[in-house]
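Novice: Read off the chains here:
Number of protein chains: 2
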Amino acid sequence: MSTELELMGQRAKAAAYALSSLNSAQKNNILQAFHAAFLKNSGKIASANAQDILNGRENGLSAALLDRLTFDVRRVESSAAALSDVIGLPDPVGRATGGITHPNGMEITKITVPLGVIGMIYEARPNVTIDAAALCIKSGNAVILRGGKEAINSNKAIVSVMRDALDALGLPADCVQLVEDTSRASATAMMHLNGYIDVLIPRGGAGLISAVVQNASVPVIETGAGNCHIYVDENADIAMAAEIVFNAKTSRPSVCNACEKLLIHEKVAKWALPLIAEKLRTKDVQIVGDESACAILDTAIPAQEEDWATEYLDYKIAVKVVKNADEAIAHINRYSTHHSETIVTENYSNAEKFLRAVDSAAVYVNASTRFTDGGEFGFGAEIGISTQKLHVRGPIGLEGLVTTKYMIRGAGQVRA
Amino acid sequence: MSTELELMGQRAKAAAYALSSLNSAQKNNILQAFHAAFLKNSGKIASANAQDILNGRENGLSAALLDRLTFDVRRVESSAAALSDVIGLPDPVGRATGGITHPNGMEITKITVPLGVIGMIYEARPNVTIDAAALCIKSGNAVILRGGKEAINSNKAIVSVMRDALDALGLPADCVQLVEDTSRASATAMMHLNGYIDVLIPRGGAGLISAVVQNASVPVIETGAGNCHIYVDENADIAMAAEIVFNAKTSRPSVCNACEKLLIHEKVAKWALPLIAEKLRTKDVQIVGDESACAILDTAIPAQEEDWATEYLDYKIAVKVVKNADEAIAHINRYSTHHSETIVTENYSNAEKFLRAVDSAAVYVNASTRFTDGGEFGFGAEIGISTQKLHVRGPIGLEGLVTTKYMIRGAGQVRA
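If you're matching them up, the sequences are chains U and W in order.
Quick note, in the numbering used here, the first sequence goes up one by one and the last residue is 1886.
Quick note, in the numbering used here, the second sequence goes up one by one and the last residue is 1886.
Incorrect hints may have been included.
Heads up, the list lumps identical chains together, so a pair's fine if it works in one copy or across two of them.
What the hints assert, rightly or not - Dumping the calculated DSS-like pairs for lysine-lysine here, alpha-carbon to alpha-carbon at most 27 angstroms:
| no. | residue 1 | residue 2 |
| --- | --- | --- |
| 1 | Lys1793 | Lys1497 |
| 2 | Lys1580 | Lys1823 |
| 3 | Lys1753 | Lys1823 |
| 4 | Lys1749 | Lys1483 |
| 5 | Lys1483 | Lys1793 |
Just so you know, these hints were derived from the structure itself, not from any lab.
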């Protein structure tokens, strides 16, 4: 496997070199060709997907997983349509982001360039195959894709359509490659493809992300885990708090920006908690709580220590009563996955303190955590949400897929 | 060791939290206090260093290593003086680098914040202890330092001076911590201090860097290895080429931005190579070469395959004759450590092609590779030179020691 992946890595490097010399119009041409090819081959892709769905049913995949796996003609068309949005985005490559003229006259320019080769390890979601390839091409990067095994037939069909389109344009098909071996060994080999993979982006469950972070020797952008908190302060507008908690918890519980924990100031907990709980009950949200929360809410189940660190991704929330904003901040900085956190308050000082002191990618005052998303933040598209601090933090748009180089134009200068 | 380092990590996190709330004046106050304390304690530090030098002599350290280890009163004062430069640099924290107002009215601001806790593993150079601590403090980060074992007495003295100064200001001494165990186990433990070390920066030889890159599970900024190339094109000004090669090779052969390889166009090699070699001979530079180079230069020794990938860090250079700029670019992209490369040419198209196609942190036309340096690039100071593509590439100044967070100020917004 390792040798096979090394060969893929070599081909990706060569393709990346070709991609890096394309201008914006040429890269958009590729995406336009993908768009046309997906519309033309939507039936072929949908029937490959039908085989995956059939296999998934036989293997007892849950209804939720089958839904994420489904890629029928309508969904292919919708993914193709999203390519037009990517075409419309500004090219992240070739922007001068800094530089000086050296006192000796050399012109030093810092300019954005593609990362090179991006590796993606992700779950069984065929749309990610298209989204990721499109963002990589737009940012001038070759991509090596390794999707979940349940989607292998869909992914083969999708990648074959893109490779044929590249070929027809006279460009290296290896700009987009699929790892067809979906064993654990192929993921491990990708994690150690130093010299070929410039950055590896894992997308998926906490287990996958943690395995990649612990084992990879190639540079990694950690994504996705979201143990998100909402803190309802003493001076909160409680009706607003109830709306925000309800939205953040129930509008889409399976995503990483959903709220998992509610912290509430002890001075308002007694009357505010029942109001918030009543609203959550309309969606059958299960509540676990610390001792004080359980004393207020009959229906709450006592929380265990591990609850505070758990991302439920379900209609479930853990509630803790705190003394003040400082205790809330300390609790969040201890247990959070550093994704998204909200304070609901009318107190200016507490709001500003929370924004500064909470060590997470996105920190909110009086708004739902659900807004942490490339589209909502104005990026037009995203390849994941980074919860690490190096390179990119929060939604990863096109700007997260480039690096910089220094170009220095001299006239014979030497260093004293 | 692991438990001890975990405790250091916890203390560093707490200190980082305190540091992150300081404003620029408060951080500069710390550096001012360090400055005064180093001047006051220069004798104490110098005598601790004298012990290291004595031990180093007994252990047979080379003259070059002993020179790098030496930290006498004059050098302590010079390091203290450099703190004033850091005080004068702009604060990298708290700059708004982006953001939008969401159509729903939320104000989304992207703002620079400290990374948190920085780990440094480095060689036996006491000045790095001061430089690294100063840059970390200025950027609001706590730092855990692990210097080479040969400098342990110097480092203990230096760090104790800084910790006392922090203490006297009523700030956590743990903003600056020293790992006193200089065994391999302590380095390994730092590589796996996930959750405490936000970024690990190794500085030193190729072996150390590679061990960290291969083994660390914490995020790493790879630094330093420099197999730098100069390509002399068909249309080069050969006198200029000779000056640039001479400067890049001999002005300081032991540093990472020194030139290690000379590529030269076949049409000029025959007469230009002897001129360049003659200049190098004045500094007794040993020349190895490919077949064509050896045919031109009597004194050249045949190069082995491994020569092309080797960073000599010595008065030695490998020479290869190439057909054209494309062959030079392909050779560089294959063998380079992606640090710094130069083309010497008067041909505009080849210059621009080289700038674009060479995949290195700093790419030059008609100037010495020796300029790749934070000071020369206008950063005022550097903590190393990154040869990786994530987060920061090239000299790592204060801007490389911060990350960003999104602050979102709302008025009750929820997501549809």
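Novice: Given identical chains, is Lys1793 near Lys1497, meaning Cα to Cα at most 27 angstroms, within a copy, between copies, both, or neither?
Specialist: neither (55 angstroms within a copy, 31 angstroms between copies)
Novice: Could you figure out if Lys1753 and Lys1823 sit no more than 27 angstroms apart (CA to CA) within one copy, between two copies, both or neither?
Specialist: neither (33 angstroms within a copy, 61 angstroms between copies)
Novice: What label fits Lys1749 with Lys1483 when the C-alpha limit is 27 angstroms: within, between, both, or neither?
Specialist: For Lys1749 and Lys1483, the Cα distance exceeds 27 angstroms both inside one copy (54 angstroms) and across copies (38 angstroms).
Novice: How would you classify Lys1483 and Lys1793 at a CA-CA limit of 27 angstroms: within, between, both, or neither?
Specialist: Answer is between: at 22 angstroms across copies they meet the 27 angstroms cutoff, but 55 angstroms inside does not.
Novice: Quick one: Lys1580 to Lys1823, C-alpha cut-off 27 angstroms, is that within a copy, between copies, both, or neither?
Specialist: between (35 angstroms within a copy, 16 angstroms between copies)
Hints 1, 3 and 4 from the earlier list are contradicted by this structure; the remaining hints agree with it.
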